[in-house]
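Protein chains: 2
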Amino acid sequence: MKINQFAYVPTSHDKIVQELADIHFLTSRTKKMADPVMLYRQLLLKFFIEKQSLATRVQKVSNLMATPKLNAYEYTTNSDSVTKLAFYNVGLQLLGFEVGLDFELTDPFKAMKEYRIPAAIVDDTLNRNQVIDAWYKLLNTRTKFGQTLIDYLASQGYYHQFFGTDDLKRPLIFNGKSQAVFDTSKLIHDVVYVEAPLDNDHDGKRDLLKAEIIRPADTENGLKVPIVFTESPYDQGTNDKQADALTHDVNQEKITRKQPNNLTYDDIKVDYDNSNLPAPRQVKATSKVAEESFVKTWTYALNDYFLARGFAVVYSSGVGTKDSDGVRTTGTPDETLSATAIIEWLHGDRTAFTNRNDQVGIKAWWSNGSVGMTGRSYLGTLSTAAAMTGVDGLKTAVVEAGISNYYDYYRENGLVVAPGGFQGEDADVLGELTFSREQSAADYLKIKDTWLDQLKKLTNGQDRTTGSYNSFWDNRNLLKNVNIKADMLLVHGLNDWNVKLSHVYNLRQTLKNENITQKLVLHQGQHEYLNNFRSVDFTDMVNLWLTNKLLDVDNQANKILPDVLVQDNAEPETWTTYKDWGGDANVETISLDNGRLTNLNENHVFSDKLPDDLFKEYIANTKKWQKALFTKTHSKLNKHAIKLVSEPLDHDMTVDGQVKITLRATSSADLGLLSVALVDYGNAHRLTAVPQVLSAQKILTGYHWRKDDLKEFLPEKKETAYKKFTDAHMNMQNRTNNYKSDDLKPGQYYDFTMPFQPTFWRLLKGHQLGIIIYATDMDYTIRSNQDISYTIDLGASKIELPLLPTDDNQQ
Amino acid sequence: MKINQFAYVPTSHDKIVQELADIHFLTSRTKKMADPVMLYRQLLLKFFIEKQSLATRVQKVSNLMATPKLNAYEYTTNSDSVTKLAFYNVGLQLLGFEVGLDFELTDPFKAMKEYRIPAAIVDDTLNRNQVIDAWYKLLNTRTKFGQTLIDYLASQGYYHQFFGTDDLKRPLIFNGKSQAVFDTSKLIHDVVYVEAPLDNDHDGKRDLLKAEIIRPADTENGLKVPIVFTESPYDQGTNDKQADALTHDVNQEKITRKQPNNLTYDDIKVDYDNSNLPAPRQVKATSKVAEESFVKTWTYALNDYFLARGFAVVYSSGVGTKDSDGVRTTGTPDETLSATAIIEWLHGDRTAFTNRNDQVGIKAWWSNGSVGMTGRSYLGTLSTAAAMTGVDGLKTAVVEAGISNYYDYYRENGLVVAPGGFQGEDADVLGELTFSREQSAADYLKIKDTWLDQLKKLTNGQDRTTGSYNSFWDNRNLLKNVNIKADMLLVHGLNDWNVKLSHVYNLRQTLKNENITQKLVLHQGQHEYLNNFRSVDFTDMVNLWLTNKLLDVDNQANKILPDVLVQDNAEPETWTTYKDWGGDANVETISLDNGRLTNLNENHVFSDKLPDDLFKEYIANTKKWQKALFTKTHSKLNKHAIKLVSEPLDHDMTVDGQVKITLRATSSADLGLLSVALVDYGNAHRLTAVPQVLSAQKILTGYHWRKDDLKEFLPEKKETAYKKFTDAHMNMQNRTNNYKSDDLKPGQYYDFTMPFQPTFWRLLKGHQLGIIIYATDMDYTIRSNQDISYTIDLGASKIELPLLPTDDNQQ
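Chains as they are written, first to last, in this note's numbering: chain A, 1105 to 1915; chain B, 1105 to 1915.
These are calculated hints, taken from the structure and not from any lab test. Among the hints, a few may not be true.
Identical chains share a label here; the pair holds if one copy fits it or two copies do between them.
Unchecked claim - DSBU-like cross-link-like pairs, simulated, lysine-lysine; straight-line CA separation at most 35 Å:
| no. | residue 1 | residue 2 |
| --- | --- | --- |
| 1 | Lys1616 | Lys1135 |
| 2 | Lys1150 | Lys1392 |
| 3 | Lys1106 | Lys1345 |
| 4 | Lys1663 | Lys1743 |
| 5 | Lys1550 | Lys1106 |
Since the model is a prediction, treat every value here as computed from it, not as a measurement.
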């Protein structure tokens, strides 16, 4: 168990006194108290909500042990000083740690060191100022259940006891972070229809987009609040069955020879055309009051957390979703404009109506004009897309596992390559999945023909036959036109094989040229949210960030949050800060017939064609295929892959960034594909990429408000012998780039340079690096089982490994 | 998908009109409307919360299709009648079914038949009374997401729109069930300390027990409310690590020869002694206001549902839990009294204090005196235990997977037999697990020595050496002293191998002699709650039940709820009502060398001793052992078991109740054990015993209130070849009963009659019944791997199968 914190703001004693007074832990009376013991007792009694009787609170203080003999109440009535030992014995219990189980009263510091809980004080005895400082630090320390102690206290009603009084600032900032001082039982739920600068269903009217707003009741009394905005195409429902039915059968598709051409980027480049827009609707009247309300099923827990802290939350789903106009386009600027239209309305720059028919305008009069976007996957993608437009009002986006280029989501180097776990999915399938207008029967009747046309366009445009980058994909490349003003907090899982690492890597590289602040968090999960983990204070980091960006509080967020924060793959619950990802690595180039690599099967030729029964077995269960491919001694694929393995490493080696491989290779046919995987060989209890629940419903984000499970990536119970940590795929006719089709002559050698998915991976001393070269990837590529064999000239092939310099790159 | 309903109350037209007026669907104006079409339009518009504008509501009605051509708004403005087709087309959409996906507008009745949704009306066109009746039925029909439509509407704010007015009854009964008309944002949370008639830590003071109360704000204005009470020893925290450390190692324990004796029940019978109680504390003052409040992490979703419906909810944990006095006893009357003391306080018969020290009394002045208990497993056990005392105020208990005799939980016929999944657990381990006083450091310091003594008593008393029933267990037999007044709703999973079926079966048999109403629900789960399933309206059934029992509403609950409701194991989502369980079965007796049974390995002798490596392999993974034991053709255990298999059945056969087997057998030693499993052989997509999430967070139990996942036991994706559906175990020295040790001479034949776990299991036509006879059960018994062989005289052995008569027993 490790309680890491990256969002704590070092604070001066004077400011501490002011902040503790703001949250009522110090009063005019206790501020003057000279006796540290008496002051300490008052702080402890205040910890247990004052609307409870003194007897009750004394009982609760008496339940805590201060020393092996004295309980905390006895201690503060009998001692003449506050020792560091007593302070932290009690402190650990307040943080939820159990005596005898998590720590011993004789030495709390041992446990604190193990759990990474810093003590504020070095002296053995605390004077009154040190009691104040240490108390402040304790309130800002995370509990055993992953929340700061002040957040836990808020969930127990600490702030709620002051709700009736005028004596509570709103918003209230404590250690740079917005506090849970807003009454979530009085949230207001409004629906409005924003008129977007779009007519993507070509009905001659601008598209109205439904937006759902949740805002604090305080806005009714004049408070202007910032907005956390999530654009989720899934939010109004999904067409799961229809999308399943559209999913392509990768076992029937073939790798097809492409006619060689000399396409240049200009041949396929598209400029988004949004001209010929219908005129906006006339605003016939205005209203301050919404006509429609809503109740949500899914909400993002992180957004709910901010609702208790004085942020409004807005959800919208965009063109083609239920109760909105238009059709889905799977990633074109139409979807980006769906998001920016909402932001423009929140910023006062666009019209919304109270309903779809009466043209009664309604303004976001309760907004302070500052918007931050949140969300994962498609939601994060839309945050990135919106940020890239430079839309006014969008101050930041917290992008979790977002796509930065749709081509890289469904294709790779001229090949159809699926997102992990979604073989056969493509842009058309995702369009159908999110076209929730279909769920509204009368509305669907009106749009059905338009939609079926659009679906055909998606299927044709995505072009599964060639897999090449084309105008369709160029229209879905978010990195193409950059006009960004928002600061970016990027979050991605190092085991995310759905939205792969190239998305966040390429986005980050692009943003390096821009005049914004960007931060990056890389965790060990797959495609996961990160807001409820024990080992990292992600929620607090986002709070510090949004409090800075949306409330303009000078809390040093840019300085305090690490530029790059990476969770280690080998040691559980370990997070390290870095200045950069990949940029400071030393590149080591190794020839593939280097003596340090063993060719396990001593082959340089392999055939892609599997016996029919084996092929069927692997289709039915690709885990068997993975096992045969990656296990060093497994023989079933020995003639179908080249397996190169390094000597055991004599020290830890961390791959930092994007590995590249250059293969000199031939195909026996006039078409072909190459795949390469890098594998970490060595028995280890690797981390689960899917988070495990540590404590159900233990995170309380406000007083009688949303609960969440505490989670963590824990070590697997059983050791595993290997793990693939990155891979690369290429159509051999795309050795130049992903849009030009090269010729490929059977038996002729060419050089193929392939970048791997970027990574940050530590191979432990004694482990071995594996380089596995193969063709069809059962998990990702078309499975054609064509009769092609490949030859690799290993001596003319090389790998370029970016390695983290030892011990000198930590921030 | 099947939407079964068992809690609908048939209602006359006059009562329907009254009830619809009560919930404001009919107004003085609409009551008079003669035109069915106009009336229907008004009902549809009212469906979409009236605080929203008319334009918004018209839009929402217009989104529904009434016929393949007309939307519902067009239909009600253009038609001169309400057809059954239009009514149910719209009705299905209101219920959440999608046009084109779930049903077709040309024939909604086909889907309704498939989903088991009854139409209220047979005529093709509805007159105004039929519109009213059909609307009422529709509101009481369950949606695609498992709630009644009126409950869904409540979650959307339907009742909330009347909260400000005086025009809403509280409680409000609709179709016999309490409605969600209470404001959950204003719930009051009180803590009190009930003085129990106990001093089980022998400190000379009666034990104070913490009770946590959640009650509607309306109680402050004089409303008296009924109480849903859950007694959960887990609720204040559990000592997981400490309990793990205490868990017994079943691989080191032996089956031990017991000295033959002639014990009679009188020798081991105990009468609970609660004399020498200290005097009650003096009540020095009284208060109406609690001093302490609380915030919960875990709550039972079913209880939360009732909070929105005007029931108070009380949680308490009993002796030995955090903030209470005493020590845990794992199932003695001390724990029962912990629960009944709370009920007595709720009924006005016992004292509670506002805190632990000041002796200020506080009454449950807001209680109507009627209490119903809920909860699963240990919680359900305590409900049963409390009910058996006849305590005043306890009107009913909804017992999910409760224990009825602790001996049957940890032992079987003189053998140590674990609860499934908890090998090595015993009464001492459960005691340690729930002794949450340990988590309060200062409190634990006071009680530690007492607790360690108590723990020793548990370990000694449970006696893992003999496994016999003794005074320790007699003190933990809930079926021994019966004085019940509460009506009982029993719920159990037919795949529950933790709290096995004998518990609910024996309880039900005992209750048959009592003057109460009892109902039984048997589902296909393991150890599961049943309140969030799509295929059964369990929550509505409990609502009907508690509204009857605790609010004294004459809603015919006793008549309407089936006596026995059983989920079928072979057909998904299928529930059938019966008059009895086991009582109406025809017993078929079969000799074990009957020609209808094939002895697969043609043996009648088997050895229990496994080769060491195989034994270790099975310890590491008991699934491998199960596979070897139950697979018909598997050979590794051929010499370690006798496998008898019937011919394929020529018709479905349902085992209904408790099978018995009599084996004439010898042991090669002077000790031994026998195990028998009954197996359903036949390839089938069997149901998952762990529920799958169908729709996350889709159940909304109130307006902006608790959300729950919709679940179901779905068919497994892959076929399986067999399933064990019941078993039995016996120590051969306990052939007479479970407390007397019989002699056992090596090589001498004796008759051993063993009852199986009761069941309700349908073996399909073509399946085969398997009878597997073995000794050590890796999943349940001590694993001693002793060198003993067993001989069975199959010709002198027989099985007695209680079979459900075909087609004549449904209620």
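Ascending list of hint numbers which this structure does not respect: The structure breaks hints 1, 4; every other hint is satisfied.
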